[in-house]
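J.: Heads up: the sequence lines are chains F and H, in that order.
Residue numbers for the first sequence, in my numbering: 1 to 439.
Residue numbers for the second sequence, in my numbering: 1 to 1109.
Because the hints were derived from the structure by calculation, they are not lab data.
Treat the hints with care, since some could be wrong.
For lysine to aspartate or glutamate, the following EDC-like pairs were computed, each having C-alpha atoms within a straight-line distance of at most 16 Å [claimed, not checked]: (1) F:K261 to H:E325; (2) F:K196 to F:E131; (3) F:K410 to H:E708; (4) F:K261 to F:E311; (5) F:K263 to H:E708; (6) H:K282 to H:E235.
Fair warning: this is a prediction, and the values are worked out from it, not measured in the lab.
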Amino acid sequence: MRIISKGSHAAGRCRVAHAGLALAGLLAAGGCKGILDVENPNNIAESSLGDPQAAVQQANGVEASTVRMISAIAAPYATATDELDWTGSREAWNELEKGVISDYLNEFTDLAFTYVGEARYTGDETIKRFEAFDTQKRLRDRNSLVRTYLHTAIAHAAIADMFDDFAFSSKQTPAKPVGRANMFTLYDKAIGYLNKAAVIDTGDFGYALLATRARIKHAKAVWMKITPQGQTPANPLVNDAGANADALAALALSGGDDAFKMKSNIEAQPDINIWFEVNGRNEMSIGDVYRTLTDPITGLPDPVSARLISEFEDPPTSSQEGFFTIVSDRELLLILAESALATNDLVTFASRINAVRSLDGLPPWTGQVPALEILKFERQANLFLQMRRLADLYRFGLKVAQWSADPNFKSAFDTPGVLFPIPNVERLANPCVANPSSC
Amino acid sequence: MQPPRILRRAVIALAVLATTLGSATARAQGIGTIDGTVLDAGSRRPIQSAQVTIAGALAGAMTNAAGEYRIVGVSPGSKQLTARRIGYAPVNATVEVVAGQTARQDFQLQQAVIELGTIVTVGTGGAQGLAKAQGNTVATISPPPNIPITSISEMLQGREPGIQMLPSSGLTGEGARIRIRGNASLSQSNEPVVYVDGVRVDNGGGFGSGYVSTGGGGQPSRLDDIDPNSVEKVEILKGAAAATLYGTEASNGVIIVTTKKGSAGSPRWTLNAEQAASQYPKGRVENNWGFARSDSQAARLSKFYGQQIQKFAPFSRPFATRLYETGNATTTSLAVSGGTPLLTYYVGGRLQREDGPFSGEAYNAPINGVVPGTRSKDIANKYQGDVNLGLSPSSFFRLNVRALYTQSHNDLPDNNNSIYAPYTLALFSKPERAECAASQDSANDPTFGIASVERCRGPGNPTGASSFATVREALQRSIGQDARHVNGVVRGTYVPNAAWNFDGTFGIDFSSQRSSSFLPFGNNLDFRTNQANEGDKNVDDRTFQVTTVGANGSYNTDLFAGMFSSQLLFGAQGFITKENDESSTNQGFPGPGIEVVSGGSTPQVFEVFSSIVNAGYFAQEQVGFRDWLFTTVGARYDYNSAFGKSSGGVLYPKASISIIPSDRPTYAASFLGRAVPVMRLRAAIGKAGRQPGAFDKLTTYAPLTSEEGGGLVPDNLGNPDLKPEISTEWEVGTELGFLDNRFAIDFTRWQRVLKDALVARQFPVTGGFRKLQLDNIGQLDAFGWDLKLKAFVVNRPNVSLDLYANTAFLSQLVKSLGGAPPLKVGGSYPRYRNFIIEGYAPGALLGAQLVRPCAGSATTTPAGGVCLRPGELPFDTNGDGRPDTEAQLLAFLANPLTNITQIDPLGADDNNDGNKLDHYLGKPTPDYQGSFGGSMRLFQNWQVATNFEYKAGRYTITDLTGAFRRSNPNNGGNTRARATAEATLLNPASTAQQRLEAAKVYVYQLRGLSPYDGLNQNFAGDFLRWRELSLTYNTPPAWAARLGTSDLAVTLAAKNFALWTKYAGVDPEVNVYGRNGGAAGTDNNFGDAIDAFGFPLQRRFSLAVRASF
């Protein structure tokens, strides 16, 4: 598809005529028709999006922008945890490494946020268009809508997982931020999308929809634990009936060690992405904590994190692209284990935990270490680089060795629950951030 | 591609030449000839390249080295001749031509510092007029004699006030950005448009917009494809008041290059040969300093460096300057010109081969006995040819056909702010981190893997390089470009009588450049880099074509018995620009030896196409009163394909007045006439524009690949109401000549307002569109003045002395961004501190400062921010948010630190808004810039010429190189002061007081970079550079004749001979952003005065021989 900028209306013809006067005497070939019409074969006009025939491509765009957003924000997020250690030249990474998360001027959260805004908007707008197509019976492939619900839900949940606040602006029109206390509504919106998707899914996305919904319901419950920020919850464990039900339903569809992953293509990388920063630039390296992680029961190097590190550092194609695990059987089992532990059902807990451990041939947990410790460990090992770590550190009252109590900012060290702020790029462009009452 | 077409053209041209030369000889029978000499009235020396023309006819001739001219084929009768030469007052003479005879007319031209009689270009297509009739100035630059000029960039450097050539670094083959009177746009390109003989040319450069990157510097300019030897003169229209008739895109000024043409006469050959040596000045780069932190480290380093190294005792090595060598360059050019009354010709060629002063050989150490080699080089070769044919089938019609062709090749290392640049990595290196661990046979290997002093047996890190790569690994990358550039024009001039003149111009400028960047398989020689261990290849192909079509006419007449004169100029002009950029990248070769993009495993491609059509018509009427008062009004009406759907054409009007009291008959006898024999007063006002990008008006979605296939994401937000931004500029000025017009003052005061400025505005990114969107909402104000002083002090047969001095003042202010948020150079990258922010100069520097003393008895800043009360220092070691007292700090420093960052300073937040990076730290453009110099002839044949250039006045440079070397713990942190302070703070043997003093040095002089960006980073950059110095010996004619030449000169020259500056960085002229494509955008427009790992400007010494025969 391409668009042609035509001055085809009357005024355009007039201008063409005038310009023709200017050039007609000059061009031996003569003829002024279209002299000012130039083609733009580089991009696609917005009006073309109204064509349902391009629904698959629009759904692909939602998927691509979602994974691009995750690629971008994953690097600052993982650096702020113990998953990555800073080894490079740019001190804003060091700031994150030290747990200084609340600096709205941090260049990397600032840059990553642009992709966050893009993914959210692309998903929401595409859903609006697809729902209209669907109502008009013009959407020939409803899987496009299912996929779009799914990926937009993932984007919303990721925003709620990582940011203290967010605004739902549209093009030039700014919107006021929802506020920290209302960020749970992004989870609700994501769950709502997944509910709609489940209704129209014909089975192609069954596992992905259920597992993702389980993980988002769990994430919302975790969010409730670390909100308001500033204190470690007395009871960090989550037992969410909805999450449990979805997890069980998803596991029932699973082959045993399944996972729903999204591929971050090298063709669609953001200006910062976690693979390049670690595997290419050497700006960060895998955290020493993870490189030396040992299984608390065997006392031997942990095979799970070693495998995940290896997968990350040596992906099958380029060293600068790979797969993000959105949700996995392992996480679902851990959600179920956690809910069992929350109700002191240690039998079920052991069953779920050991189901996870057995996937890597590890000996079962039989109480060698406290149940909470094995849960924390298995989440740490199995959810490496899946954007769960910071919330887990907060709710379990853990501190990363590199975190410092920087008096200039609210840091992870002394303000559990603090997440990324709306960064400078949005603050400057959106007057509603500084003055919400004006919007 | 082009060469076959060019060859065809050349063959046809030569055939025409051969045929017409014969017929011309026949036609010359029965008509007359005029010849003579043109001499300098003061020195009695011949004047070369003076033009002698016949009034009301197209015929004319140019003098040779002996000052001789010859006009053949002149119809019989009384002829009025005019002899002109830049720097002299024109002289008229009348001569009677008799058929079959030769009339002789000699001229003696008087030097004139004010040249009101000069012919200047006044409109598109080469329309001309008298300089004195123009209300605006037209700066004319001639190639300076006896100064070896290697490029157009050098030709323009330091010649004219208000015109700045901005280099990026001292890399060989690099072009310069050009700025005329600062910035006339916030978002669009600030490069002037350039015409060569009436044809628009590619004023871009760089390595394309795809995957080939250099780190910023070393980027060639397509303007430098013009052979400087082929240039007769360069005229510069400095702004809207002068450039109105050039319309849209002309608001940044216009550069008009006129190339040499032949004149009737026997062939005249000119040969230039130059041999040059180049070097980087070593004295401005501090060695890399470090110190051992333990006895074991000291022992290992002692072995590695072959000298005794003590714990906590700083030592150094010159890692960066080991990349320097002495470069060499050879340039040869040959030109011939001549012709008949029917056909004249100028044919020139030039070969330039240069291997610059960068070399990686010092790091090409063997790895287990095998020398790995290096691929990074600095090469700039050019092969240029130009042909200019003039055909005059009658006395009232002339056809000119001209073609320029350039083929160039550049190689350069990755450079500037790139973590993979060899020079950057050398500057990052910390000598105490040097090690050969990767060469150790075992953990207990007593040799530590060391082969010899500072060399590992195999892989290693012998300079203690940064996190990213060793210098040797970085030297594996090669970056290069091959380019071809063709410029052709056909121009017809029809002069039916003395009143009417018509010109038609058709020309095409086409450039094709192929850039590439290659890293071979297995480049991780030292197991350190992860850039692309299995290699990568990036290619960018850019083609650019602009077609220019123009026609103009003029009608000159006298009214009321000569009391009034009228010149009506009218015409139309348009051009069509098409640019295509295709790029590809790949990495992951399956093995060594592959050097093509298709050899990798993860290909990516990029293509972008743009087309711009601009067309307009113009008219201008100039009325003169008794030849001493001239008024001009004119306008251009322009269309542009990028204006947007709702915008029509745009009118750019102009008006000017020029008054020359000294041309009044009674003036010379007046008191004022005796004191100031030449006086002109002038004023002009005009508008010119700048259009948005070709597709900025459109809301578009861009392709983005997903795992499932191609997808769409928001791209351009779009604005259908976009229109051009318009600069309105006025200028007033005067030229005053004193002492028989041997001393002159030329002063111009100008003011410019840019309204409807296109602001690249960031809308909320939560709205879905990440890209900036143009909006006509800004205002940029500027004013300044240009002052030129010129003196012909002495002009006698044995001695002459000419002096000049230029100064330009520039003040710019971002008046309004229309509510858009401030823009920052470098996007979110915090180390570049240049901002576009309302109320400040564009590019203003904002950043961190230390907490400062409280005012009087206050305990906070007026806004409630932290300030220092008496006895407090800008530290907060106990984290209470208050500055420490000296006693608190001494207590903290009672024990040695384990890491210097334990004493981070307290940054100021004077306005207490939570942003510590909003303190004004200066601006990157100087208030004043200019040049001075002169030339002196001694003992008849010796000539010394020189040029100094300076920038001064609130000129602030961002020294990012220094900030890294002073502050960064992993990369840099290696100056002497840093090593000394750090060693003191960490050394258990230091006293608390010693540590306190070291801590003060650290925060007051060294600490910087995030989150203290701007602290200890911005410094005054004022400088004076001895730009050019040359000594020429013109051999006596007898000597020259013995060698078969008519003119022979030998020149010994030096470029960038010396530098005086308080700036402590490597060079106050380096800048991280290079020419790029002459592109638009905040970074290219306002990323100025950022010293980020650039090479200093080269010193160049040359010996040149020029011979004519």
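J.: Hint by hint, say whether it matches the structure.
T.: Verification of the hints:
| no. | hint | in the structure |
| --- | --- | --- |
| 1 | F:K261 to H:E325 | violated (53 Å) |
| 2 | F:K196 to F:E131 | holds (11 Å) |
| 3 | F:K410 to H:E708 | violated (41 Å) |
| 4 | F:K261 to F:E311 | holds (13 Å) |
| 5 | F:K263 to H:E708 | holds (10 Å) |
| 6 | H:K282 to H:E235 | violated (37 Å) |
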